[in-house]
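Engineer: Chain by chain, the residues:
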Amino acid sequence: MSQQSGTIIQAEITWLSLGEFTEISGLSSGQIQELVELGVFSPSGTSASEWLFNHQSMALVRRLRRLQQDLDLDLDLHALALGYRLLERISELESQLCRERASRLSDL
Amino acid sequence: MKFKDYYETLGVARDASTDDIKKAYRKLAHKYHPDISKDPQGEEKFKEVNEAYKTLKDPELRKAYDELGRHSAGENFQPPPDWASHFSQAGMGGFNTSDFASAGGFEGIDLSDLFEELARTRGGQAGGFGGAHRGNRTGGQGQPYPRSGQDFEVEAKISLLEAAQGTTLELNLEMPEYDAAGQLRRVPHSFKARLPKGVVDGQKMRLTGKGGKGLNGGKNGDLYLNISLKPDALFRPSEHDLYLDLPITPWEAALGTTLEVPTLEGPVSLKIPAGTPGGRKMRLGGKGLPKPREGHGDLFVIIQIATPKDLTEREKTLYEELAATSSFNPRSHFGRSAGQ
Numbered sequence: 107m108s109q110q111s112g113t114i115i116q117a118e119i120t121w122l123s124l125g126e127f128t129e130i131s132g133l134s135s136g137q138i139q140e141l142v143e144l145g146v147f148s149p150s151g152t153s154a155s156e157w158l159f160n161h162q163s164m165a166l167v168r169r170l171r172r173l174q175q176d177l178d179l180d181l182d183l184h185a186l187a188l189g190y191r192l193l194e195r196i197s198e199l200e201s202q203l204c205r206e207r208a209s210r211l212s213d214l
Numbered sequence: 192m193k194f195k196d197y198y199e200t201l202g203v204a205r206d207a208s209t210d211d212i213k214k215a216y217r218k219l220a221h222k223y224h225p226d227i228s229k230d231p232q233g234e235e236k237f238k239e240v241n242e243a244y245k246t247l248k249d250p251e252l253r254k255a256y257d258e259l260g261r262h263s264a265g266e267n268f269q270p271p272p273d274w275a276s277h278f279s280q281a282g283m284g285g286f287n288t289s290d291f292a293s294a295g296g297f298e299g300i301d302l303s304d305l306f307e308e309l310a311r312t313r314g315g316q317a318g319g320f321g322g323a324h325r326g327n328r329t330g331g332q333g334q335p336y337p338r339s340g341q342d343f344e345v346e347a348k349i350s351l352l353e354a355a356q357g358t359t360l361e362l363n364l365e366m367p368e369y370d371a372a373g374q375l376r377r378v379p380h381s382f383k384a385r386l387p388k389g390v391v392d393g394q395k396m397r398l399t400g401k402g403g404k405g406l407n408g409g410k411n412g413d414l415y416l417n418i419s420l421k422p423d424a425l426f427r428p429s430e431h432d433l434y435l436d437l438p439i440t441p442w443e444a445a446l447g448t449t450l451e452v453p454t455l456e457g458p459v460s461l462k463i464p465a466g467t468p469g470g471r472k473m474r475l476g477g478k479g480l481p482k483p484r485e486g487h488g489d490l491f492v493i494i495q496i497a498t499p500k501d502l503t504e505r506e507k508t509l510y511e512e513l514a515a516t517s518s519f520n521p522r523s524h525f526g527r528s529a530g531q
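Chains S and R, in that order, give the protein sequences. Taking the numbering used here, the leading residue of the first sequence gets 107, the next gets one more, and so forth. Taking the numbering used here, the leading residue of the second sequence gets 192, the next gets one more, and so forth.
Quick caveat, the hints were computed from the structure, so don't treat them as lab data. Heads up, some of the hints might be wrong.
Said to hold, decoys possible - Across the chosen pairs, the derived CB separations fall in these ranges:
| id | chain 1 | residue 1 | chain 2 | residue 2 | range |
| --- | --- | --- | --- | --- | --- |
| 1 | R | Thr498 | S | Glu156 | 28 to 38 Å |
| 2 | R | Ala465 | S | Ser212 | 21 to 31 Å |
| 3 | R | Ser208 | S | Gly151 | 47 to 57 Å |
| 4 | R | Thr209 | S | Gly151 | 39 to 49 Å |
Glycine included, each C-beta is placed from N, C-alpha and C at the ideal position.
Next comes chain S alone, as it looks inside the complex:
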């Protein structure tokens, strides 16, 4: 067993700084800034040093990165922005579907 056994790690509701977001996305901070300017990512905070990215952005950007790696895709920044927006749209539709399902009266 590992020495970590027994210690408790606190999982946080994730907010990521620009530095952390760079790390998990594999994007450079310049690319991220460009994508923020394009309105693809909308972190909270006014200047880059204050930016915080939410867990949805993290999940989507990781998904996109996985697709890019798994399928050997050669994505430039515009293709990346498009891919992100489409994934975001799908995820919105999925949560809308989930909401519709939850709010629908089930059969007796």
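Fit chain R to the known structure of chain S by using the hints.
Structural biologist: Frame of chain S, contents of chain R only:
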């Protein structure tokens, strides 16, 4: 170690060209990739296909794989004695190839661990999106260089109550690691992760540095928890809101009543006004799931009018009397001739 037939997995001949392998992989990846495929087994199938491709697309790794010989899939086998020499150019500190092939050196590890290691020890990891490679390139010949540990993802299924109150998850993971003798092994790790209240279905959480160990001063990888909620017998969650069906009788709907309805924090009284139609949603503000910082979602109670199936004679008589007396017409809006 169990043998896996990578050629069979990709459905290509053993002498297939790299191009054919790539084509076969792309076709299967589009079919099974969990972000594209709707196949529930897609993820499993994709992992197999991806593992096969990662080895066969690379001429050096493919050569090493071919040298393992032909076995049938699932057969227990040992690599040939000199096989570990593939690792000799790796230039990794503390990695002893002669120990590696010694008795038991290949037990308890997966073929994929081996090739992943072979690939990683060679050229550093190409991370990130196209053109965004970060660091990690091998420096001098045979120099140990820092390598980041692998990221891991774990599915965590929790109950609604656990999501509402926060919970501690026991995580038991196996990660490929080097032991003191420099042998690659699957090492069990167990630790506890505390989830705060307010997580929702589909949320991804990151435990920094809890993934695979970095080598030669490289950073540890991260561990990602993919949270999903187990279906609850009563409540259906949507983000922080909850939905509950509330079956009532036709006379409760017509006459109105006050009922006890369950919430996560125990039953509350709910007044059903006279003339409540089926399907009406009633909002109980703040009775949903707690939000991470402050506040709660709402609980929506959906009225469901339940009709008795087996009527007693007396009940039947009363319904018949009602039918004869009532002038209520729920279909008045159909008009005389619909469609004109």
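Engineer: Indicate, hint by hint, whether the structure satisfies it.
Structural biologist: Now for the hints, and whether the structure bears them out:
no.: 1; hint: R:Thr498 / S:Glu156: 28 to 38 Å; in the structure: violated (59 Å)
no.: 2; hint: R:Ala465 / S:Ser212: 21 to 31 Å; in the structure: holds (25 Å)
no.: 3; hint: R:Ser208 / S:Gly151: 47 to 57 Å; in the structure: holds (51 Å)
no.: 4; hint: R:Thr209 / S:Gly151: 39 to 49 Å; in the structure: holds (46 Å)
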